[in-house]
Each structure stands twice: as structure tokens, then as C-alpha cells.
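Using the sequences and the hints given, assemble the complete structure.
Protein sequence lines, in the order shown, are assigned to chains G and R. Okay, so the first sequence: first residue is 1 according to this note's numbering, each after it adds one. Okay, so the second sequence: first residue is 131 according to this note's numbering, each after it adds one.
Careful, some of the hints might be misleading.
[Stated by the list, open to error] Taking lysine-lysine and the BS3-like style, the derived pairs with C-alpha atoms no more than 30 Å apart in a straight line are: (1) R:Lys321 to G:Lys102; (2) G:Lys75 to R:Lys327; (3) G:Lys2 to R:Lys321.
It should be emphasised that the hints constitute simulated quantities derived from the structure, not laboratory data.
Listed below are the residues making up each chain.
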Amino acid sequence: MKRITIVTERRLGVISEISESLAAADINIETIQTELHDNSSVIILTVDQYDKALQVINNIGMDAISEDAILLRLKDEPGALAKIARRFTDAGIGIRSIGLVKRDQPFAFVAISTERTAEALSLVEDVLVG
Amino acid sequence: MTNHLNPFEDCGLKEVHKKRLKRFLDGVQAEAHRFLGYPVSQQFDYSCLYPFLAYPMNNLGDPYTESNYHLNSHAFEREVLAFFSELMNAPDEGVWGYVTNGGTEGNMYGLYLSREIFPNGMVYYSEDTHYSIPKILRILKARNIMIKSQPNGEMDYQDFAETISIFSDVPAIVFANIGTTMTGAVDNLTKIKEILKQRVRTNYYIHADAALAGMILPFVDDPQPFDFSAGIDSISISGHKMIGSPIPCGVVLARKNHVARIARAIEYVGTLDTTISGSRNGISPLFLWHAINQKGKSGFRRMIQNCISVANYAVDRFNRKGIKAWRHKNSVTVIFPKMAENVLKKWQIAVHRDIAHVITMPNISKNRIDDFVDDMVREAEQNDVIAVKQ
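Structure follows, in C-alpha cells:
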């Protein structure tokens with residue numbers, strides 16, 4: 001089952017906003033899990049219509065991260081991404097893209113896409129979200 | 131003859147459709163009056179060029195190559211490119227370019243060229259880069275890493291230095307913002323080049339996204355480094371932003387030797403056209419040519435000085451009302467805290483996180499700034515919003 005991860009601000013009503021939008025598009029939520037951080041919520045969903053759900057979530061102005069990307073929570077400081085990138089290069093895993101998703105001082109959520117997701121996951125377990 | 135009550139009276143449509151167009155025009159006119167947050171000028175009049183709209187003008191292919199499609203404006207396009215080449219301090223070996231459909235196509239061209247030159251290169255771009263860039267990188271399947279931004283919107287050079295050290299064996303493709311969308315911050319090309327030199331990086335490519343500032347910095351007395359003399363390899367500038375055009379357009383320029391390299395590769399597939407699209411707009415080069423010949427460099431300089439003067443006025447006006455506003459050197463983007471959101475919507479102000487901006491384009495007068503600031507302060511006071519006081 002493919003997962004969708006949403007990083008959003010921590011506030012009341014986020015879950016209902018997401019579930020109502022998905023319901024309006026006839027998408028069933030199969031599992032939902034929430035992680036609360038300082039000022040952010042990370043919501044992990046599985047749904048019955050993956051691509052359509054990604055689109056609906058983006059349409060309501062939230063960043064939906066597909067299963068192809070690994071979501072990490074790192075210290076928001078210069079060089080933090082570089083240290084993570086080093087782990088992958090040392091292991092010979094090519095990086096497709098690294099992008100900052102959301103800042104939540106003193107941390108930042110970062111999405112990484114690599115050529116070998118399963119192996120990459122094992123290298124970043126200490127900072128993995130979800 | 132045009133009916134001024136409904137300019138669509140004689141356009142050969144059913145009454146219902148004519149009325150619909152009129153309502154649409156009325157709406158556009160009303161919205162255009164409150165348009166402070168986006169960097170597009172409304173100060174243009176190209177009506178003398180309207181006769182060309184009666185023809186299927188198409189600048190098919192390379193502007194420097196003869197085409198069998200004669201309804202093109204290649205000759206005018208080449209003059210536009212020559213004007214921009216001079217403004218951007220084109221190197222002696224020359225530059226190649228074309229009139230694009232806007233800044234994004236120019237950025238795509240620059241990144242495409244860099245990826246063709248360095249197929250395994252890593253693209254570095256800052257967090258404040260326009261949202262279209264990750265999309266382009268995905269289309270090009272170019273490997274990329276986002277670099278942190280400083281709070282002022284400029285690239286975090288320490289993060290850049292540490293990140294490129296990790297990929298020392300991979301060519302660096304640097305996407306530099308010459309004026310970010312939200313704050314107008316200019317990435318420091320001198321620092322970027324110093325870092326590349328310190329890290330002994332010889333295989334690198336720098337593309338400059340100068341969508342708005344590409345038509346500002348050539349006309350100020352003390353510009354930040356931004357052009358070919360600062361070591362860039364390609365640059366994208368918007369035409370519809372500072373110059374103004376009813377149709378989005380822009381210019382991309384790249385060092386000729388880079389383009390020659392990809393042209394040789396393309397020759398094997400039977401064409402020397404290195405532009406991104408095949409059919410290209412033949413009207414927008416005429417608009418740009420018209421503006422260039424009507425205003426000239428001295429006219430653009432006066433226009434930019436006026437925009438900067440209005441930007442200074444706006445900063446001062448906000449600050450006098452107790453709202454902390456600021457702008458970067460040589461920028462017409464005035465940043466202030468996000469507040470009074472209904473007013474921001476009404477004036478079509480772009481917001482990002484906790485900031486908003488107005489952009490003092492040529493059509494924005496000091497009176498318009500007064501109206502907006504008064505509106506915002508009134509709304510904030512009504513809603514008991516406390517402005518960020520200095």
C-alpha cells in the first residue's frame with residue numbers, strides 16, 4: 001500500500017480538512033497516522049486512489065510527499081543537508097533531488113529522492129520521519 | 131466601427147457571447163486597477179502594432195537561421211537580442227539567444243543547456259528559488275539539491291560551500307537568483323565563484339534567473355554582479371515584467387560556445403534548431419522591439435529610477451504607519467509583515483510564510499501606494515491587528 005506524507009502546521013482541524021477534501025473527491029482513507037512535532041504535524045495516509053489523492057492534497061495548498069521520497073527531520077543549520085548527502089555518496093547511492101519541505105525551528109523537514117530508496121532508508125533511520 | 135458601449139458589438143458572435151466578453155473586460159479593468167503584488171508593468175501601448183495580429187506570425191526555429199516560413203519577425207527579434215546582449219555585457223566570443231514565452235522558458239533553456247554540457251552535473255538552487263525550477267528539474271531529470279536561504283532571501287553560502295564539497299567529483303550547475311520572487315534578493319555571484327574556486331571546482335555552469343532585475347540592474351549606478359562580466363553562462367530575463375507586454379515573453383541568452391556544443395549534437399537528429407519550442411510567438415518580439423526603440427536606454431533608466439523612488443516612498447510610508455517594511459538594494463520589491471489579509475487579497479498581494487510584498491512597477495504611483503497603505507492600516511485597526519512596530 002502506497003503512503004502519502006503531509007507536512008503541515010500544527011493546528012486544530014487539519015485532519016478534518018484533509019479528510020473532508022478527500023471524501024469530496026470520493027477517495028477513501030484506509031489508514032491515517034499523525035506525528036506531532038514542535039509547530040508541525042506530519043500526517044501519513046494510505047488511500048484507495050493514490051494519484052488522485054496527491055492531487056487533491058496539493059489543491060488544498062498542502063505539501064504532499066509521495067512514497068518515492070524519504071522525509072527527514074534535520075537540524076536547520078548550514079551543512080546539515082550536506083552531512084546527510086555524505087551518507088548516501090559514501091554508500092554509493094545516487095541522489096536525484098534534495099528539497100526543504102518546511103522549517104520548524106530549530107529543525108527542518110527535508111524530502112530526499114534517491115536511486116535506491118530501500119537502501120537509503122536504512123542509512124537515515126536516526127532522522128527519519130514517519 | 132467600434133461600439134464604445136460594447137467593443138465586442140461587431141465581432142460576429144451571438145448576443146450572449148458578446149455580453150459575456152464585455153463582462154469579462156469590465157472585470158479585468160477593475161482588477162487591473164488593484165494590481166500591486168505582481169511584477170508586471172501595465173504601462174505600455176502597442177496599438178500601432180495591432181495590424182500584425184491579422185497574420186499568422188510565427189518565429190519558427192532559430193532566430194539567426196533563414197526560414198521557409200516568411201511570416202516571421204526574426205529580423206526584429208535579432209535586434210531585441212542585440213540590445214539585451216549589450217545590456218548583459220556579452221562576452222567577446224558572443225552570445226546566442228531567442229525571445230521566449232517568459233522567464234520560465236529561459237530558465238528551462240539555461241538548465242537544459244547546462245545538463246547537456248554536464249549530463250551528470252548536480253544542480254544547486256536556493257530555497258527561495260521560484261517554484262517552477264523544481265518542476266523544470268524534474269522534466270529534465272537533472273539531479274538537484276536545494277540550498278538553505280538566509281533570512282533575507284539570499285543563498286546561504288556556508289550551506290552551499292559544505293554541500294558542493296560532498297559532490298566534489300560531479301560538475302556543479304548553480305542556479306543563481308538575480309532577484310528572488312518574494313524579496314528581490316540577489317545571490318552574490320562573486321561569493322559563489324569564490325566558493326567554487328576554493329573548492330577547486332573547474333567544471334561548473336552558472337545560470338542566472340534575472341526575470342525582473344535583469345531590466346533593473348543595467349540601469350542603476352551600483353549594480354550587484356549579475357551579467358556575463360560576472361561569469362555567468364546563461365541568463366533569463368522577462369519581457370512582460372519591467373518592459374511590459376500583453377503577452378508573456380522574455381529573453382534568454384547563453385554563451386555561444388555552449389550553444390554550439392549542443393547544436394552539433396542536435397545536428398545528428400536532422401535539425402539545428404536549439405530552441406525549446408518549434409513554433410514561437412512572432413508578435414512579442416515586435417512589442418519588445420517597439421519598447422526598446424521608443425524608450426531607449428535613457429528612457430529605461432528614467433523609468434527604473436522612478437520605480438526605485440516609488441519603492442523608497444513605499445518603505446517610508448509603511449514605516450511612518452508603524453509597519454516595518456524594507457527592500458534590498460536596487461530592488462523595487464517592498465517587503466512587509468503579512469497582515470490585514472482581506473486587503474492583501476483585494477490588492478492581489480503575494481504572500482509567503484509571514485511576509486507580503488508590493489512591487490513598484492512603472493504603472494504604480496505614489497498615490498496608489500497611499501491608497502493601499504491607508505486601506506491596510508484601516509483594516510488592521512478595525513480588526514485590532516497590531517502592526518509590527520519599529
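Hints, one by one, checked against the model:
1. R:Lys321 to G:Lys102: 26 Å, holds
2. G:Lys75 to R:Lys327: 28 Å, holds
3. G:Lys2 to R:Lys321: Judged against 30 Å, a Cα distance of about 43 Å means the pair is violated.
The structure shown violates just one earlier hint, number 3.
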